[in-house]
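S.K.: In the order they appear, the protein sequences are chains V and P. Add 1 to the 1-based position in the first sequence for this note's numbering, that's all there is to it. Add 1 to the 1-based position in the second sequence for this note's numbering, that's all there is to it.
Treat the hints loosely; a few may be bogus.
[To be verified] Incomplete in silico selection of chain P near chain V, CB under 8 Å:
1. R150
2. S154
3. P175
4. F176
5. R177
6. A180
7. V193
8. T211
9. G213
10. E217
11. G220
12. L224
13. L225
14. F240
15. F261
[Claimed, not checked] What the simulated footprint calls covered on chain P by chain V, stretch by stretch (three residues with Cβ under 8 Å from a Cβ of chain V suffice, anywhere in the stretch; the number is not a length):
16. 18–25
17. 98–111
18. 139–149
If you're looking for bench data, these hints aren't it; they were derived computationally from the structure. Ideal Cβ positions, reconstructed from N, Cα and C, are used throughout, including at glycine.
Below are the chains, spelled out letter by letter.
2 protein chains.
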Amino acid sequence: MAVESDRPLVVGRRMLGWAVEGIGEVGPGDDLAELCREPLLTHGGLAPWDVVVVTHKVVSKAEGRVRKLSGVVPSSTALAVANRVGQDPRMVEVILQESRAVIRAEPGVLVTETVQGLVCANSGVDRSNVGGGEEVTCLPLDPDASARRLRESWLEIASGGPLGVVITDTFGRPFREGAVNVAIGVAGMPAVSDHRGLSDELGYLLHASTIGTADEIAGIGELLMGKIDGIPLAVVRGFRWEGADSGAGALQRLPERDIFRR
Amino acid sequence: MAVESDRPLVVGRRMLGWAVEGIGEVGPGDDLAELCREPLLTHGGLAPWDVVVVTHKVVSKAEGRVRKLSGVVPSSTALAVANRVGQDPRMVEVILQESRAVIRAEPGVLVTETVQGLVCANSGVDRSNVGGGEEVTCLPLDPDASARRLRESWLEIASGGPLGVVITDTFGRPFREGAVNVAIGVAGMPAVSDHRGLSDELGYLLHASTIGTADEIAGIGELLMGKIDGIPLAVVRGFRWEGADSGAGALQRLPERDIFRR
Numbered sequence: 002m003a004v005e006s007d008r009p010l011v012v013g014r015r016m017l018g019w020a021v022e023g024i025g026e027v028g029p030g031d032d033l034a035e036l037c038r039e040p041l042l043t044h045g046g047l048a049p050w051d052v053v054v055v056t057h058k059v060v061s062k063a064e065g066r067v068r069k070l071s072g073v074v075p076s077s078t079a080l081a082v083a084n085r086v087g088q089d090p091r092m093v094e095v096i097l098q099e100s101r102a103v104i105r106a107e108p109g110v111l112v113t114e115t116v117q118g119l120v121c122a123n124s125g126v127d128r129s130n131v132g133g134g135e136e137v138t139c140l141p142l143d144p145d146a147s148a149r150r151l152r153e154s155w156l157e158i159a160s161g162g163p164l165g166v167v168i169t170d171t172f173g174r175p176f177r178e179g180a181v182n183v184a185i186g187v188a189g190m191p192a193v194s195d196h197r198g199l200s201d202e203l204g205y206l207l208h209a210s211t212i213g214t215a216d217e218i219a220g221i222g223e224l225l226m227g228k229i230d231g232i233p234l235a236v237v238r239g240f241r242w243e244g245a246d247s248g249a250g251a252l253q254r255l256p257e258r259d260i261f262r263r
Numbered sequence: 002m003a004v005e006s007d008r009p010l011v012v013g014r015r016m017l018g019w020a021v022e023g024i025g026e027v028g029p030g031d032d033l034a035e036l037c038r039e040p041l042l043t044h045g046g047l048a049p050w051d052v053v054v055v056t057h058k059v060v061s062k063a064e065g066r067v068r069k070l071s072g073v074v075p076s077s078t079a080l081a082v083a084n085r086v087g088q089d090p091r092m093v094e095v096i097l098q099e100s101r102a103v104i105r106a107e108p109g110v111l112v113t114e115t116v117q118g119l120v121c122a123n124s125g126v127d128r129s130n131v132g133g134g135e136e137v138t139c140l141p142l143d144p145d146a147s148a149r150r151l152r153e154s155w156l157e158i159a160s161g162g163p164l165g166v167v168i169t170d171t172f173g174r175p176f177r178e179g180a181v182n183v184a185i186g187v188a189g190m191p192a193v194s195d196h197r198g199l200s201d202e203l204g205y206l207l208h209a210s211t212i213g214t215a216d217e218i219a220g221i222g223e224l225l226m227g228k229i230d231g232i233p234l235a236v237v238r239g240f241r242w243e244g245a246d247s248g249a250g251a252l253q254r255l256p257e258r259d260i261f262r263r
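Use the sequences and the hints to build the structure in full.
M.R.: In C-alpha cells form, the structure reads like this:
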C-alpha cells in the first residue's frame with residue numbers, strides 16, 4: 002500500500018474480493034458445491050459475512066440445463082419470430098420455451114421475460130461456439146433454490162455464517178452500453194437494501210431509496226472473474242447487510258410497476 | 002482470513018476497496034481535489050492502477066451546480082408536465098432545463114435524457130430536505146471534464162498513474178428494482194471493456210461482448226460509501242484495464258441504437 006510512512010493509516014469501511022480458480026470442467030449431475038469446496042479453501046477460505054459470487058453457467062451445467070439444438074423442432078411461432086429477429090429458429094424455440102412473454106422482438110434483438118421472471122436478451126440462453134454451435138445453456142430453473150443449496154453446503158466453511166451466495170448472469174440494459182453482471186439467484190442476504198424514509202447526513206431525501214446491492218456485488222464478481230478466463234467463482238468480503246434473505250425476486254420489477262413494459 | 006493453517010493460500014486475482022472519510026462539507030468554489038488530498042493520503046494513499054470513485058454530489062456542489070427553487074419561474078411546458086407527473090412545477094422547470102428530451106412523463110415518474118446525454122429520473126436533480134426543500138443540486142455540466150481535473154490533481158499521489166477516476170450517480174433502471182451506482186464521468190481508463198469477437202475458454206461466443214466495467218466499479222463505490230453516511234469518496238485497487246480513456250460517453254447508448262427509446 003502506498004502509504005507515506007509518517008502518516009497514520011485510517012482504517013475505515015473496506016471490502017476485499019478475490020477470484021477462486023481451479024474449479025475445472027462442470028458437467029450434468031456434478032455436485033457443484035463439492036467441486037468448489039477445495040478451491041474455496043485454498044483461496045482464502047470463507048468467513049462469516051462473506052458473499053460467494055457464482056456465475057450461472059456452472060450452476061446450469063451441473064443442473065443439466067443444457068440442450069442440443071439438433072433435437073429441437075421449432076413451432077410456427079418460433080419460425081415467425083426467428084424470421085423477424087434473424088436467428089436460428091431452433092434457438093428461438095428454446096428461447097420461447099424459456100420465456101413467459103416477449104418484451105421486444107426486432108432485427109438482431111429478442112428480449113423476453115423468462116420463466117424465472119427476469120427480463121433479458123434471449124431468455125438468458127447461451128450458445129456454444131464448439132461442436133457446430135449445437136449446444137445451448139439455459140438459466141437455472143430456480144436460481145434462488147440453487148443459491149440456497151450452495152449456501153447450505155458452504156455454511157460450515159464460513160463457521161456457520163452469516164453467508165451470502167449470489168448467482169449471476171451478464172445482462173444488457175436499456176439506455177446504457179456495456180452489459181453488467183446482475184444477481185439472478187440470491188441466498189442468505191437481502192438482494193435489495195431499503196433506505197425508504199431516510200435522509201442523508203445533509204438532510205437530502207434519499208434520491209434512490211432502495212439499492213440493488215446484490216447486483217452491485219454481482220458486478221464485483223464480473224470484475225474479478227473476467228469474461229474469458231473461465232473462472233466461475235469469487236468471494237467478496239467486508240459487505241455488511243441488514244435484513245433477511247429475500248431471494249433475487251426482490252430485484253424483479255413487477256410488469257405492472259414497470260413503465261418500460263407498457 | 003479464515004485459512005486452515007495446513008493449506009497453502011493461493012493468491013489469484015484480487016481487489017481491495019475502501020471508503021475515504023473526512024472530506025467535510027463542500028461548497029461552491031471549493032477546490033474539491035485539494036479537500037480530498039489529505040483524506041486520501043491518510044486512508045491508504047494511492048498507487049498506480051487505483052481507481053478513485055467520487056459521488057457526483059460533492060462535484061456538483063464544488064462546481065456551484067446548486068439552485069434555489071424560490072428563484073425559478075416555471076414555463077407553461079413545466080406547468081403541464083408538473084401537472085402530469087405530480088411534482089413541484091419549479092422543480093420540473095429545473096429538470097427540463099437540465100434535459101434535452103423527455104423519455105417518460107407519467108404520474109410519479111419523470112425520466113429524461115439529460116444535457117449530458119444520460120437517461121435517468123429527474124435529470125439527476127436532487128432536492129434537499131432542509132430549508133423547506135428549496136435547494137436542488139444538478140449534475141456536473143461535463144462530468145468527464147470534472148473527472149479529468151480531479152485525476153490531474155491526484156496523479157502525483159499515485160506516483161504518476163495509471164490512475165482512474167469515476168464520478169457516480171445512483172440511477173433506477175427498467176425491469177429491475179433497486180437503483181445502482183453508475184459512472185457518469187470517467188477519466189484515465191476506458192468506461193467499457195470490449196471483448197467482441199472473443200470466445201471463452203470453452204468456446205462459447207461471449208454472450209455479452211462489451212462490459213460496462215466503470216459502472217461495476219461505481220457499484221463498488223456505492224457499497225463502500227453507503228447512502229446515509231455522507232462519505233463521498235472511495236478507492237478501488239486491483240482492477241487492471243486495457244485500452245484508452247473513453248470518457249463516460251462510451252456508456253451512453255445512442256438513441257438510434259436504443260430499442261427502448263422508440
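S.K.: For every hint, state whether the structure bears it out.
M.R.: Evaluation of the provided hints:
Because the beta carbon of P/R150 sits about 22 Å from the nearest beta carbon in chain V, more than 8 Å, this interface hint is broken. Annotation: P/S154 was flagged as interfacial toward chain V, and the flag is violated, the nearest CB pair being 16 Å apart, outside 8 Å. Nearest Cβ of chain V to the Cβ of P/P175: about 4 Å, under the 8 Å cut. The hint holds. Annotation: P/F176 was flagged as interfacial toward chain V, and the flag holds, the nearest CB pair being 4 Å apart, inside 8 Å.
About 5 Å separates the beta-carbon of P/R177 from the nearest beta-carbon of chain V, less than 8 Å, and the hint is met. For P/A180, the interface hint holds, since its Cβ comes within 8 Å of a Cβ in chain V; the closest pair sits about 3 Å apart. At about 4 Å, the closest approach between the beta carbon of P/V193 and any beta carbon in chain V falls short of 8 Å, and the interface hint on this residue holds. Evaluation of the P/T211 hint against chain V yields a held restraint, the C-beta minimum of about 5 Å falling below 8 Å.
Look at P/G213: its Cβ gets to within about 3 Å of chain V, closer than 8 Å, so that hint holds up. The beta carbon of P/E217 comes within 3 Å of a beta carbon in chain V, closer than 8 Å, and the hint placing it at the interface holds. The criterion of a C-beta within 8 Å of any C-beta in chain V is met by P/G220, whose closest approach is roughly 3 Å, and the hint holds. The beta carbon of P/L224 is positioned within 8 Å of a beta carbon in chain V (closest approach about 5 Å), and the interface hint is therefore held.
Among the interface hints, the one on P/L225 holds; its C-beta lies about 6 Å from the nearest C-beta in chain V, closer than the 8 Å criterion. For the restraint placing P/F240 at the interface with chain V, the shortest Cβ-Cβ distance is roughly 6 Å, inside the 8 Å limit, so the hint holds. Hint status for P/F261: holds, given a least beta-carbon distance of 4 Å to chain V, under 8 Å. Coverage of the stretch 18–25 of chain P by chain V holds in this model, with 6 residues showing a Cβ closer than 8 Å to a Cβ of that chain against a need of three.
For the stretch 98–111 of chain P, the stated coverage by chain V is satisfied: 3 residues place a CB nearer than 8 Å to a CB of that chain, which reaches the threshold of 3. Counting residues of the stretch 139–149 of chain P whose beta carbon lies closer than 8 Å to any beta carbon of chain V gives 0, which falls short of the minimum of three for the stated coverage.
In terms of the numbered hints stated before, the structure departs from hints 1, 2, 18, listed from lowest to highest.
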